Amino acid sequence: MSETYDYLFKFLIIGSAGSGKSCLLHHFIESKFKDDSSHTIGVEFGSRIVNVGGKSVKLQIWDTAGQERFRSVTRSYYRGAAGALLVYDATSRDSFNALTNWLNDARTLASPNIVILLVGNKKDLEEARDVTFLEASTFAQENELIFLETSAKTGENVEEAFLKCSKTILAKIETGELDPERIGSGIQYGGAALRNLQTRQRSINKPDCTCRV
Amino acid sequence: MQNSKAKMDEFKSKFLDILHKQTNRQMKIPAMGFSDYFIQTVTTDASASQETDATDAAATSSSESNAQKSDQEILESIEQCYYNPDSNPQLYELKKVLNDGIDNELIEVTIAQLRTQQKVLTKQVLQNILEQRNACSSEFAAINDTQKKLEESLWTCQKARSYLNFARTNLTTTSLEILASYRKREVLKEVLDTLVAIKRLRTTDVEVQKLLADHNYSAAIALLLQCKSSAEAYMQFNCVQSLSKKLQETMLLMEFQLDTVLNEMVLGFDGRKYAKLQEAYKLANKSLMAMDQLHINYISAIHSSVNAVLRGYSDPGQDDQAKPLYEQLCEQLSVDKLLPCLISLCKTFWTILASYYQVVMWHNNYKLYGQEEEDSPDIYIQQKLKKGQSRVWNDILTKVCLFLQSAKLTALKYDQFIQVLSVVQRLKKVGLEFCGEQSEKLIETMQQQSEEFFRRYHICCIEEICLFLDNESWTQVDSFAHILQLPEFRSVRHTLRRHKSPTTALLASSNNSPISNNNCDELVSVHSQDGGSSIYGSYGYFLRFSEKSSPFDGGLDAAMLEEDILSGIVDEASCYFSEESDDEQKSLQSKEFDDASNQLLVNNTALNVMRVIGRYLQMCKLLHCISPKIVACILELIDFYVYAVHEIFGKDAPVATDNMHSPRLEQRLRSVEVNVLPQIKLWPLNFSSLANNELANPDTLYGLSQRIVAVEAGRSMLQQFNVLQHYLNHLLPLAERPILASYLDYSDYIADLAKLVYTCVTSRVIDLSSILAQMAKVKWDVNHVIHQHSNYSDVLNRNIQSFAMCLEEIAKEVPVPSKQVWNSMAHVATHLLVEGFSNVKKCSAGGRALMQLDFANFMSFLELISNQKYPQHRSYVDVFIKTYYFAPEQFEQWIEQQRTGDEYSLKQLNNLIHCICVSDKRTRQRLLQLLDAGIQNGIAMSTTPTTTPQKNNHGSVAGSNLSSVI
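As you go down the protein sequences, you meet chains B and S in turn. Counted from 1, the first sequence has number 147 at position 147 by full-length UniProt numbering; the numbering is strictly sequential. Counted from 1, the second sequence has number 653 at position 653 by full-length UniProt numbering; the numbering is strictly sequential.
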């Protein structure tokens, strides 16, 4: 792992079983659909470096099992996550109805500032659609979530989902809303970002000089 | 009327002309025959002759009567000179007469003689004429008759000439026209023949073009050769010369076309075309040259196609450079294009190999030359093809090896590298089927690349495990019962089931395998044997795939990988596997999980370690050479997990635990520390999920549930690893199997770890320093046996009870391995008691009895509450107490035994000697010397700081406690 990056973001993929969480991760990392998909046992892991707004960001992505019997294990991974993809299956009303529970877990177990993206997967199965875009969009607005519909099969919006979440996190860092140095923020500095931080600290000292004058 | 006059005049003039012409011709005719002049002359002569004859007749009659003799004499007297035509009689007579001068008499006599002679002679002549008169008359009559006939002939001739002239007038022109026409016809016939021949030649050109378009090369060559000889016969014609030149060019063009089509065979073999090609080359006497050309085509196709494939995958910007070498193209290839490029290369090579294979098959089935001579060209062709197989394959092998060496394979992801391995394995099998080559060079290259990749990948896997450790919540993952639930082990499911319960015969055959252990691909030779029996196993590529498809199509997904892996199984009778349906797989899964009905206690990190092991096994299957290295790394993964658990959960005990480390556990932990940790950048970890306070929280028994999950997951992992043992032994060469066996022989590996980890909890549950202090206050030199146990025993029992209650709460979250946990508790408690008893300075028999009473009270409580028996722990304390009752010789023997044992510390034995031999100084000194001798002999016990109960130094007291191990 000799890669260099500015930031490292810890990401979660959560949602009901069978909604396509592992396929989303697989497509994002391998750029192809994972055909022989089986239920995830426990938690799996993937990582990739992306370029967001001129910054090199390494995404550390934890793919959790959606089945109820793994709930206690996966909850422990919420702590310290900077972003989360909240995935439901557009062809499954049950997975959409369960979103409230997943969202509550995320809001309570992870940091309050976690950036959550609502992902409606299996967009390509239009004939079997069970949740309309408008309905999901309304849910996202009510709960202050970013919303995208994706297809892990065709790859539509898969990359955009992760990039959009990363951009939002990066924007919050720049506005000061998110403090990377706070424990549990899910953000770590890479080698390049440390130098930027030191430069910024020196620039902060300048107003003091102005006040003295 | 004027017109008719004009016509009449014209007719007259014409007639006169004709008459004039006839007149002229008639006048000319005598020149050719009897002219009038000649006829008149003849007539005149005849008349003159008649007159002369008459005169002569009269003269003769008169002279006969005079003197007959004198005529005779006179005739004889005539001189001979008068008969000589050349003489001159006048001059002769003059000379004769004038010889004697002028003599008039002589002159008169001579004149008279001459006159007489003349008369006689004339008379003689006339007489002769009269004698011949009849003859002359008859002759004259004949002449007249002849003249008549001649006149008739002349008339006939004139008439004939007239007729002939008429015929000539009528027929000459016609005859000439006929002759001219005939001549013209002959000339035209000749021209026509020539034109027909030329036309045929031109038609031949068209036909040749048509035959070429139909790929009927032999007929085209035959036709060309035939027309070539025809053209030579007509070379004097310019058009035929140019046509012949064109035919020559057509022949060259056709040969070029033959070569072009022959070149097309390299990438797409067509049996019908090839048959025609071979016939054509045979007619042209170029079969052997064609075979050489074909091989050149194959070799150059390999070289040009690899460059084309690589250039297709290169960056467009690099095209500005001069043409780079093949190696440079490979080096410049970006990582994400490596695998597609390799697959494209192999597909291209497959096209070439399939074509060559079909050429070989064609020549095996058909013979170009019928005779079975020793030097038949067919034999040469067979030899050429046999050598060509190796040549073609080695060229392909060289290209692939260069690609694998030049490209940056180590930068690939795992899935991609596995696919590269699959491609290479399949390519090797193709080569084995193609020409029987084992492709050692390819395997060596791939082995080097695999070792390099695997070295880096192994570090990445360990770092990934570090990430899991860092984020681990040490919570149990439910519903995990068997390693085959993981997708990574899908490809080895069948083999694991077979190897799970191997038969004795299989073990025997495996051990006595005749396969050479030096063969790094031992499965391949077995594979060859199987391949011979069944061509529809994973071999038979050339029969199963056509040129439209290849063994490298389809992206080499899991099914294909499974086929490759399953085909290598030794004990399979048939190498052919059909893909199972999902239902069968599900039923097999449920059946498999029924075999292991007990649910295993695992955490996420252990799960991930097993996933990594599954991926390693896939790599083992695809490249057997590095199986020993991979298996060694699998062992390293397990050891690393154990090391991490030890680092997190096994080092926070309040007492020294050095002597609790078993030598083998110590060895493995040190090995990880030396070999693995330096390569990991992430180490040491933060373990952010634990946040330290969890392990120091007495309410959770210092994180006992987390510790249990950590240790028991290791146990489950090792148990599942044992399921793989026979399978791994199968993968390893015979010489390497003891390594795995010795690793698995250490069956107490996890138990030793558990002892350490649980002691960190139990040693904090018991209030060690307080109990030691209370034991020190007990009066042990009493004179009578007390019936009531000491107070410290109650304190100890309360600690035990509190532990048991907390344990019940923890058991609700996670299954508690009661045996191990309570054993740890018993260990700590009994060692605490021994430590306390050893600190007693003065003790009486009653005091010893009190010790037994206290211990019995504790032990009965412990066994009651834990529902277990602890014979070893009981014996440990009992023996120590009862040494007080030993006879001196017996005690001495016991001390002698302890020199070689490690149950009790040196300090404890020292104190015991002082306590028992308080009144016998000589015995005490001897026993102490025994212990010192033991130290000098190298059996050194661990030195602990000396302390007294009065000091109340908790650290020292805790340090000296538990310094011995069971």
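Fair warning: there could be bad hints in the mix.
[Claimed, not checked] Cut-off 16 Å, straight-line C-alpha distance, at most; resulting in silico cross-link-like pairs (EDC-like, lysine to aspartate or glutamate):
#1 Lys34(B) with Glu331(S)
#2 Lys55(B) with Glu174(B)
#3 Lys387(S) with Asp292(S)
#4 Lys96(S) with Glu79(S)
#5 Lys286(S) with Asp336(S)
#6 Lys58(B) with Asp415(S)
#7 Lys172(B) with Glu144(B)
#8 Lys441(S) with Asp395(S)
#9 Lys651(S) with Glu673(S)
#10 Lys367(S) with Glu232(S)
#11 Lys413(S) with Glu30(B)
#12 Lys123(B) with Asp105(B)
#13 Lys123(B) with Glu159(B)
#14 Lys408(S) with Glu331(S)
#15 Lys32(B) with Asp395(S)
#16 Lys34(B) with Glu488(S)
#17 Lys841(S) with Asp920(S)
#18 Lys199(S) with Glu232(S)
#19 Lys386(S) with Glu451(S)
#20 Lys32(B) with Asp336(S)
#21 Lys337(S) with Glu144(B)
These are calculated hints, taken from the structure and not from any lab test. Remember, predicted model here, so these are calculated numbers, not experimental data.
Verification of the supplied hints:
For the given pair, Lys34(B) sits about 30 Å from Glu331(S) by alpha-carbon distance, which is inconsistent with the 16 Å threshold. At most 16 Å may separate the alpha-carbon atoms for a hinted pair to count; Lys55(B) and Glu174(B) meet this at roughly 12 Å. With a C-alpha separation of about 11 Å, the suggested pairing of Lys387(S) with Asp292(S) holds against the 16 Å cut-off. For the suggested pair Lys96(S) and Glu79(S), the alpha carbons sit about 12 Å apart, so the restraint of at most 16 Å is met.
Note on Lys286(S) and Asp336(S): the hinted pairing is violated, with a Cα-Cα distance of about 48 Å set against a maximum of 16 Å. For the proposed pair Lys58(B) and Asp415(S), the alpha carbon gap of about 20 Å is over 16 Å, so the pair is violated. At roughly 15 Å between alpha-carbon atoms, Lys172(B) and Glu144(B) fall within 16 Å of each other, so this suggested pair holds. Distance restraint check for Lys441(S) and Asp395(S): the Cα-Cα separation of roughly 12 Å lies within the 16 Å cut-off, and the hinted pair is therefore satisfied.
Simply put, Lys651(S) and Glu673(S) have alpha-carbon atoms about 15 Å apart, close enough for the 16 Å limit, and the pair holds. Distance check on the hinted pair: Lys367(S) and Glu232(S) sit about 34 Å apart at the alpha-carbon level, beyond 16 Å; violated. As the CA atoms of Lys413(S) and Glu30(B) are separated by approximately 9 Å, the hinted pair is consistent with the 16 Å bound. Under the criterion of a C-alpha separation no larger than 16 Å, the hint pairing Lys123(B) with Asp105(B) is inconsistent with the structure, at around 25 Å.
Distance hint between Lys123(B) and Glu159(B) is fulfilled; the C-alpha atoms sit about 15 Å from each other, no more than 16 Å. Distance check on the hinted pair: Lys408(S) and Glu331(S) sit about 7 Å apart at the alpha-carbon level, within 16 Å; holds. The suggested pairing of Lys32(B) with Asp395(S) is violated, with an alpha-carbon distance near 34 Å, which exceeds 16 Å. Taking the CA atoms of Lys34(B) and Glu488(S), the gap is about 13 Å. The hint holds against a cut of 16 Å.
Restraint check for Lys841(S) and Asp920(S): satisfied, since their Cα atoms lie roughly 15 Å apart, inside the 16 Å limit. Pair hint Lys199(S) plus Glu232(S) holds up; C-alpha atoms about 15 Å apart against a cutoff of 16 Å. The straight-line distance between the Cα atoms of Lys386(S) and Glu451(S) is roughly 35 Å, outside the 16 Å bound, and the hint therefore fails. Distance hint between Lys32(B) and Asp336(S) is fulfilled; the C-alpha atoms sit about 13 Å from each other, no more than 16 Å.
Restraint check for Lys337(S) and Glu144(B): not satisfied, since their Cα atoms lie roughly 41 Å apart, outside the 16 Å limit.
When held up to the earlier numbered hints, the structure conflicts with 1, 5, 6, 10, 12, 15, 19, 21 and fits the remainder.
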